[in-house]
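Enquirer: Residue numbers (numbering that gives the first Met the number 0), protein chains in the order written: chain A, 0 to 483; chain B, 0 to 497.
Just so you know, these hints were derived from the structure itself, not from any lab.
Values in this document were obtained by computation on a predicted structure and should not be read as measured data.
Watch out, some of these pointers could steer you wrong.
As the list claims (entries may be wrong) - With a straight-line cut-off of 20 Å between C-alpha atoms, the simulated SDA-like cross-links for lysine to any residue are:
id: 1; chain 1: A; residue 1: K55; chain 2: B; residue 2: M241
id: 2; chain 1: B; residue 1: K90; chain 2: A; residue 2: C39
id: 3; chain 1: B; residue 1: K53; chain 2: B; residue 2: L73
id: 4; chain 1: B; residue 1: K348; chain 2: A; residue 2: Q371
id: 5; chain 1: A; residue 1: K80; chain 2: A; residue 2: L285
id: 6; chain 1: A; residue 1: K235; chain 2: A; residue 2: L285
id: 7; chain 1: A; residue 1: K80; chain 2: B; residue 2: L73
Stated by the list, open to error - Calculated from the model, a selection of chain A residues having no Cβ within reach of chain B, i.e. all distances over 12 Å:
id: 8; residue: C23
id: 9; residue: R79
id: 10; residue: P88
Glycine included, each C-beta is placed from N, C-alpha and C at the ideal position.
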Amino acid sequence: MTQYESIIGLETHIQLNTQSKIFCSCKADSWLDAPNSNICPVCTGLPGVLPVLNRKAVEKAMLLASAMQAEIQPVSFFDRKNYFYPDLPKGYQISQYDMPLARGGFIDLPIPDSTGQNTTSYTRRIGITKLHLEEDAGKTKNIGGERQIDFNRCGVPLVEMVTGPDLRTAEEAAHYLFRLRQLLRWIDISEGDMEKGHLRCDANVSIRPVGVDYLNPKTEIKNVNSIDAVRDAISKEIERQIRETEAGQKIEAWTLEWDEDRGILKKMRSKETEADYRYFREPDLLALRIDDAWQNEVVSIQPELPLQRRQRFMNAYQLPEYDADILTSEKKLSDFFETATKAYPGDSKKISNWIMNDLLRILKDRNMQIDQMQLQPADLVEIITMVENGLINTSTGKSLIEKVEDSHQRPSEIVRSENLTRVSDESAIISACKEVLAENPTEVASYKAGKPTLMGWFVGQVMRKTKGKTDPEKAKEIFETLLH
Amino acid sequence: MKELTDLTTREASSLLQRGVISSMELTKASLEIIERLEPSIHAFITLTTELALKQARAADLRLKQARQDKSIPLPPLLGIPIVVKDVLCLKGIRCTAGSRILDNFTAPYTASAVQQLLDAGVVILGKTNTDEFAMGSSTENSGFGATKNPWDINRVPGGSSGGSAAAVCARYASLGLGSDTGGSIRQPASFCGLTGLKVTYGRISRYGLIAYGSSLDTVGALARNADDLFLAFKGMAGYDPMDATSSAEPLGDLNLNEQIDIKGLRIGIPKEYFIAGVQAEVNQAVRAAITLLESQGAVVNEVSLPHTAEALPVYYLIAPAEASANLARFDGVRFGLRATQTSMIEMYKQTRGHGFGSEVKRRIMLGTYALSAGYYDAYYGQAQKVRTLIKRDFDAAFQAVDVIAAPVAPSTAFLFGEHTNDPLAMYLEDVFTLPANLAGIPGLAFPTGFDQNNLPIGMQLMGAPYSEGLLLKTCHAYQQMTEHHLKKPALSTLLSTR
Chain A
0 MTQYESIIGL ETHIQLNTQS KIFCSCKADS WLDAPNSNIC PVCTGLPGVL
50 PVLNRKAVEK AMLLASAMQA EIQPVSFFDR KNYFYPDLPK GYQISQYDMP
100 LARGGFIDLP IPDSTGQNTT SYTRRIGITK LHLEEDAGKT KNIGGERQID
150 FNRCGVPLVE MVTGPDLRTA EEAAHYLFRL RQLLRWIDIS EGDMEKGHLR
200 CDANVSIRPV GVDYLNPKTE IKNVNSIDAV RDAISKEIER QIRETEAGQK
250 IEAWTLEWDE DRGILKKMRS KETEADYRYF REPDLLALRI DDAWQNEVVS
300 IQPELPLQRR QRFMNAYQLP EYDADILTSE KKLSDFFETA TKAYPGDSKK
350 ISNWIMNDLL RILKDRNMQI DQMQLQPADL VEIITMVENG LINTSTGKSL
400 IEKVEDSHQR PSEIVRSENL TRVSDESAII SACKEVLAEN PTEVASYKAG
450 KPTLMGWFVG QVMRKTKGKT DPEKAKEIFE TLLH
Chain B
0 MKELTDLTTR EASSLLQRGV ISSMELTKAS LEIIERLEPS IHAFITLTTE
50 LALKQARAAD LRLKQARQDK SIPLPPLLGI PIVVKDVLCL KGIRCTAGSR
100 ILDNFTAPYT ASAVQQLLDA GVVILGKTNT DEFAMGSSTE NSGFGATKNP
150 WDINRVPGGS SGGSAAAVCA RYASLGLGSD TGGSIRQPAS FCGLTGLKVT
200 YGRISRYGLI AYGSSLDTVG ALARNADDLF LAFKGMAGYD PMDATSSAEP
250 LGDLNLNEQI DIKGLRIGIP KEYFIAGVQA EVNQAVRAAI TLLESQGAVV
300 NEVSLPHTAE ALPVYYLIAP AEASANLARF DGVRFGLRAT QTSMIEMYKQ
350 TRGHGFGSEV KRRIMLGTYA LSAGYYDAYY GQAQKVRTLI KRDFDAAFQA
400 VDVIAAPVAP STAFLFGEHT NDPLAMYLED VFTLPANLAG IPGLAFPTGF
450 DQNNLPIGMQ LMGAPYSEGL LLKTCHAYQQ MTEHHLKKPA LSTLLSTR
C-alpha cells in the first residue's frame, strides 16, 4: 500500500492590537461595543474620503516580521483588492499584493514527542513566504431573512502571514498556531484569541506519496476558529484525500468550509470560479518606506523571543525542557521566574517547582494573570528562603502565597504577625521535651538501654505537641542533654 | 461704482474690509442674479440660499469686529460669495457628483479645501453642476440636466466643472471651485472665457472630493482673472493630514498686485500641441498671446513632448481603472440610491444599473476590463509605464523652459449634442489638458481671444511641479496688457421674465 505524506501551508490573519484603526482614528477594538459605534466616514467608505496609514500598525507588523526573521522591505506598496460584498464598504480592500511589507523568514518549531512530556522529538523549520498589512472588513449576520452589517471591524489592522508548504501533519499545524499565538502575545501585537477572531487561519492541504517531490492539487480549508478545530479539520481532510486517492479519484482544488458544530468539511466552491480581484496600486497612499533608522528604532524594543528564552532557561538554569516550556508560555511568567531565580542563590529548579506547582494553580483558581498578583518575585524568594532556613515549614510556605494575595502584606510580615515561625523559645521547647519524656517512660528506658534510633521518635512527639513549629534540630539537642 | 456682481474678488474684498459694502449686500446681489439667470443657465444642482445668508451675516460680524479691533486678522476671502462644484462635500448639504445614485445623499462632513475657505469666511451660494462623477467635457453627462454656456446658451460650458464655469461667467460669484482630472477646470474655463487653475497633484487636499481618478484628481478654482485665482489658490493649498498624497511644499512669496516683469521667462511651444484638427482661430489666438509675451521679453522656443499622442489612450486606461474601484462604493448599502430587491446581487445590479448614467457605466467597464486578469499587463500595466514616459517628457522640457504654452482645447465651445453620440470625439476635447494630469504638473487656462462666433478662446500654461505661482504671475502680466478676460457675455438677453 502506498505511504502518503501530507503537505500543509497555513495562511493566517492577525488582528493587531493598535489603539486606532489602520486608516482612520476610530477605536480599533470593538469587542464590548455596540454595532456600528466605532465608525466614521473613512472606515465606512463614504464618498470623498481618503485613507491615512497608522504608523503604529506598521510598527507592530515590523515587530512580527523581525520575530519571524523575515526581511522587512525598504519600500512596499498598498494595493486595492476589488470585490463586492456588503460589509466591504469601499468595494475594495486596501491590502498589499506584489510588494509586501516583509518577505522570507521562518520559525523553528519544536515538535514534542507523543508522550506528552513536552520533550522535543524533532524540530521543523516553517518558512514564511510573505507578510503584509491590510484592513479588515465588517461583519455580516443573517437574522430572520435580514442581512445585518456591523462596520465596527472595518479598517481594523490585519497582518496576513503565509507559510510555505512546510508543515507535514495536522499536529504540526496546531503547534505552529500555538507558537504563533504565544509569540503574538509575547511581543504584544495581538491578543491572538482565535475564538474572538484576533487570529484566523486558512489551511492549504494536499497529499503525495512519500518520496516524491512534486505537489498535488491542494484544497483550502476556511473558517476554522480554534487550534483544535484546525487540527481536526486538517486530519479529516488528509483522511479524505487519501481515501479518495486510494479509490482512484482525483483531488480537485476546492475551497472547503469547516463546520465546527458537526465537525465536518463542506465544499464552498471550486477554485476555478474564484473571483478576479483586479489588484492595482492604491493611489491614495504613498509607497511605504521603512529606512534603517525606523527599523532599528522599532526592532530595538523587541524582547527576547519565547523559543529563545525557552532554550536559554534550559541552558542557563539547567531546567528540564518541560519546565522551560511552561515557564516561557507567557512573557510575564518567564520574567517572574527569571527575576526570582536571579535573587535566589540556590537551585533554579526549586523556584521552577514552586511556580509550576503552586503559583500556577493559584493563578488558575483565582483566574488571574501573574502580573495581577500581590506576590512579587522577591516575595517568593523570601518564602522559599524561610522554608530552607527552617523558619517555617513547607506547608506554611505554600499557604503564605495565598495569604500574601489576601492580605497584601509581605510574607515576612505575615509570618511575624500570625506567629507562624517555628518555636524557637528554648524554655518552651525544654518544657515540651520534658513532658514527652515524662509521658513515655518505656521509650526512655529503651533509649537508655541502647536504642538511639528512638531519638527521631522523641523529636516527632515534640513536633506534634507544638504543631510543627519547633525547630527539630533544637529539640534533638535538648533531648540529648535531658537523656544524658 | 460697478455692479456688485461685476466686482472681482480683490475689489469686493477691499470694499468689504473698508466697510463700504457688506457681505450681505454682496450675497443678496448674487442671489438676485442667480434667480434671474438660473432658469437660462442651470449652473446649480443645489442652491444653498439659507446657508449663504447665514454665512454672510457671520462674515459681516467678523468684518465689523475686525474693523474695531485691528489685531483680528482679515482673510481676503472673508465675506466673498463663491460657488462649489458638487463633487466637494459640504456638511449637511446634499452632494450628488452629478449622479442620480447620490440624489438623496447628504454629506456628513466637509471637504478639507472647502473647510479652509469656510474658515477664511467665504459665503457658499450653492453646489454647481458637473458631468456625472466629473466624467465628461460638457456637463451633458450630468444626471441633473446640462448647464448652458452664458456666451451662447446653445453651447456647452465645457466640463466637467461646467456649472462653476457658467456661474462665474454669469457673475453669480467671482470664484468657483472645481476639480480637474483630465482638463475639467481648464476646458470649461476656456469655453467660458475664464481663468482656471489646475494645481500640482497634491497641492490642495483631495479629502472630501468625490474621487474619479485618484492619481489624477485635483481640486482647483475658476475666476475671472489670475489675481482672484491666486486668492482662491492660497486659500486652499497646503498639507492636510487627512490626505496622504498632499504636499507641504511652500507656496512661495507672491504678490500679484505688483507689476510683474516677464523678461527672460523661457516659454516652450510644444510642437505636438499645434497640429491639424485644431480650430484655426484657436491656433492664431494662442500664437498671438505668445507673441505678446515675447514682445515683453519672454524667450520663446519650440520644445518636444514626444509621448503626447499616447496621453489620451493612457489616460483612458488609468482614469477608468481607478474609477472602476472608486465607484464600487456606490452599492446601495450605506447611502444613496438603493433598489428594493430581495437578492443581494439583484440589489447591486438594479441600484447601479439605474443610478449610473451611460458614460459612467462605459468607464467602469473600460476600467474593469483594463484591470482584469490576463489583460492587466497589456492595458493598465502598460499605461503606467507610458505615463512615466510622459512625465519624463515634461521633466526634460522643464530643463529648457520655465513654462509651456499651448491651446486648452482643440476648439471653442461646441453645440449641445455635437459630440454626445461619439464618445471618442468627446474624449479628444481633453487631448491637450490631460497630459498635465498624467504628469501631475500645474496648468493654467485663460482667455486670449474670441472666435468669429464671439466665443472665448483659451490658452494654457503648464509648469514644473509647484510652479503655480509662476503660472499665475505670467498670466497676470498678460492680463495687465490685455482685456480678453474683462469681456462679459450679454447676460441681459438671458434674463428670465418672472
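Enquirer: Now tell me, hint by hint, if it's right for this structure.
Expert: Comparing the hints with the structure gives:
1. K55(A) x M241(B): 17 Å, holds
2. K90(B) x C39(A): 14 Å, holds
3. K53(B) x L73(B): 19 Å, holds
4. K348(B) x Q371(A): 55 Å, violated
5. K80(A) x L285(A): Distance of about 17 Å is within 20 Å: holds.
6. K235(A) x L285(A): Since the Cα atoms of K235(A) and L285(A) sit roughly 45 Å apart, the hinted pair is violated (cutoff 20 Å).
7. K80(A) x L73(B): Given that 20 Å is the threshold and the Cα spacing comes to 47 Å, the pair is violated.
8. C23: 9 Å, violated
9. R79: The assertion about R79(A) is violated, with a minimum of 5 Å to chain B.
10. P88: Violated, because the least Cβ-Cβ distance between P88(A) and chain B comes to about 6 Å, which does not exceed 12 Å.
Of the numbered hints listed earlier, those contradicted by the structure are 4, 6, 7, 8, 9 and 10.
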